[in-house]
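> Residues per chain, in single letters:
Protein chains: 2
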Amino acid sequence: MSGKIRISVDAMGGDAGAQTVIPGAAIVLERCPDIEFLLFGDKAVIEPLLENHPRLKECSRVFHSDVAIEMDEKPSQALRKGRGKSSMWQAIAAVKAGDADVAVSAGNTGALMAMSKFCLRTMSDIERPAIAAIWPTMRGESIVLDVGATVGADSQQLIDFAILGGAMARTIQGIEKPTVGLLNIGVEEVKGVEEVRNAGRMLRDLSPPNLQYVGFVEGDDIGKGTVDVVVTEGFAGNIALKTAEGTAKQLAGYLRAAMSRTIFAKIGYLFAKGAFDRLRAKMDPRKMNGGVFLGLNGIVIKSHGGTDGEGFASAVELAYDMAKNELIKKISEDIGDYHRGKITTADEGLEG
Amino acid sequence: MSGKIRISVDAMGGDAGAQTVIPGAAIVLERCPDIEFLLFGDKAVIEPLLENHPRLKECSRVFHSDVAIEMDEKPSQALRKGRGKSSMWQAIAAVKAGDADVAVSAGNTGALMAMSKFCLRTMSDIERPAIAAIWPTMRGESIVLDVGATVGADSQQLIDFAILGGAMARTIQGIEKPTVGLLNIGVEEVKGVEEVRNAGRMLRDLSPPNLQYVGFVEGDDIGKGTVDVVVTEGFAGNIALKTAEGTAKQLAGYLRAAMSRTIFAKIGYLFAKGAFDRLRAKMDPRKMNGGVFLGLNGIVIKSHGGTDGEGFASAVELAYDMAKNELIKKISEDIGDYHRGKITTADEGLEG
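Residue numbers (numbering that gives the first Met the number 0), protein chains in the order written: chain A, 0 to 351; chain B, 0 to 351.
Okay, chain A solo, but in the shape it has when bound (with noise of 0.2 Å):
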């Protein structure tokens, strides 16, 4: 892809809306110095903002909006109230449009996926998008889905978020056949639910050209990072997603109070602050701001509403990534190579 990244911005979104989106987005121009920003929101008080970004302000052009879409808005009140004229909205349409490359929102999670199903639409042959987290493992980083975008998931759902994963980590970080496995409670073949064994089944005969599916996985082989795609229905995924997020913070607390507990303990966190300090950047858990809406026709990436200017940062950076590395492109191949690959399976069968 020539020329800059168009990333259109939802900067209303969020907790602290544009407080904390401009000067996320001021942030993220200077590790990437070509993109190029749409603003969707209130001109009154974005452009003040961005009065103290000057380089920002150079980058950017601000649409304005009346309508921004509330943290704790159903989705359904949302489109209701908000299609066509909130932030969230137009932000969306600027990639449905082909005016950005990628849209960015720290708003509310069920109104930003029922605002992008409804404007982007899903992806011919997907019947279900996913939002996909990286998760920081022992070996890196690895993705997962779906972590809460639709509650259940069919066998064929699975094999979707599969292929849209495998895109994924074939996109960011540049693995040619990245490892998948099927998240369960067990790693023999009759564990689980029926639609996660069937699913195993068909990935092992369809075998999709550009992953390799290993087989299923438990909770902690996430963490272990024992394969680079971890696949499950959004249920479990946000359960085990939140549920990591609170054992980390637990531990957190856990090292800070044993730190503080004696004389000794402070002399030692004194010496070794360096190294307390790389863990608790490694540990950022802002690094990691940003699930992917995968499985629709254009890119949205969902931002936490509570992190500060360097979380929303992360996320722009991502949503930067994706588009720099065409992860659109490569899922549409995805789909493509793997059903092609289901027809000719099919054909064997028949002459077999």
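It is worth saying that the hints were derived from the structure and are not from the lab. C-beta: ideal position from N, C-alpha, C; glycine also. Take these hints with a grain of salt, some might be off.
[Unchecked claim] Distance condition first, Cα-Cα at most 25 Å in a straight line; then the derived BS3-like pairs of lysine-lysine:
1) LYS190(A) to LYS116(B)
2) LYS116(B) to LYS223(A)
3) LYS223(A) to LYS286(B)
[Stated by the list, open to error] Distance ranges between label pairs, derived from CB positions:
4) VAL189(B) to LYS328(A): 28 to 38 Å
5) LYS84(A) to THR261(B): 50 to 60 Å
6) GLY305(B) to ASP33(A): 45 to 55 Å
7) LYS73(A) to GLY151(B): 22 to 32 Å
8) LYS286(B) to ASP124(A): 48 to 58 Å
9) ARG200(A) to HIS63(B): 38 to 48 Å
Mind docking chain B on chain A? Use the hints.
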């Protein structure tokens, strides 16, 4: 309860069998001298091991069994092969016969649950047993169930789990009216699967007398200790448990790596060694070893198969606490109170 607590043990269960079980039982005896052990397994293996633990030998009776269930046997296989004659079955049967107050095994979970159900039967008014885990939280400990007895649960089964978990919290934590939350992917009433939403409504309407239903909780609420009892079906519960275990290991790995990277960090580690030791003890998974099978006419405790003597001792100690504090009696009371309450509520409904 007067007299000794009688604990039946499947001495052949677990990766290392009696090599772990016998030293483990000996450790518990130091902490809880009022135990009588019934040890089931190969006498030729058990008796020589007992020679190293004269005190344990004195408090134990050994019952010979030729058949040991393998760790990878399917439940149906295990039942066919081991019903009546395996050490696992006999340990459970001792509870049924009233010879033991509680059974402990480190054997394979599926086989142990299948045999426990077959031998002890599900309690009347309870549809399905659950496996409850004790989860360390920032506020102490919570109970999470089901962590893998069955995949899926309908609303009534989730309510059963709430009552079973509540009774367990009353037993081991001495809380009079434990708080209970339903694990979901959002705290709003409209979120999640139908079974969970219905169970939430029913728990609000029926308000079982011995627990306090607080609503939906999310994955990160488990580690926070938001509620005393977290209720979910076995698929999501197992994934949450294993994901948390995986995250804890991952962070411990990061911490170890950080503390050995530079000379300053190493010096810091030496100063803070006491703090790190306490932290390690706090995070020691062996301390929280033991899944409790709830909803059967008798208590069975499942120890991790790969644990060591110290870990097995934790599982036995948990069994001891359950028996000593009369878990089964409390469960029966709570189920009775709940069903009387349901009938009263229905009557009121008719009259009003």
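> Just to be sure I understand the hint, the distance between the Cβ atoms of ARG200(A) and HIS63(B) should be within 38 to 48 Å; is that true here?
holds (43 Å)
> Do the beta carbons of VAL189(B) and LYS328(A) sit within 28 to 38 Å of each other?
At roughly 37 Å between Cβ atoms, LYS328(A) and VAL189(B) fall inside 28 to 38 Å, so the hint holds.
> Against the 25 Å threshold, does the CA-CA distance of LYS116(B) and LYS223(A) hold or violate the hint?
With Cα atoms ~34 Å apart, LYS116(B) and LYS223(A) exceed 25 Å; violated.
> Is it true that the C-beta distance of LYS84(A) to THR261(B) lies inside 50 to 60 Å, as the hint says?
holds (55 Å)
> Does LYS190(A) pair with LYS116(B) here, judged by a C-alpha cut-off of 25 Å?
holds (18 Å)
> Do the alpha carbons of LYS223(A) and LYS286(B) lie within 25 Å of each other, as the hint requires?
holds (22 Å)
> Go ahead and decide if the range 48 to 58 Å is satisfied by the Cβ distance of LYS286(B) to ASP124(A).
holds (50 Å)
> Is it true that the C-beta distance of LYS73(A) to GLY151(B) lies inside 22 to 32 Å, as the hint says?
holds (27 Å)
> That 45 to 55 Å hint for GLY305(B) and ASP33(A) (C-beta), does it hold up?
Holds - the Cβ-Cβ distance for GLY305(B) and ASP33(A), about 51 Å, lies within 45 to 55 Å.
Going through the hint list in order, the structure does not satisfy hint 2, though it satisfies all others.
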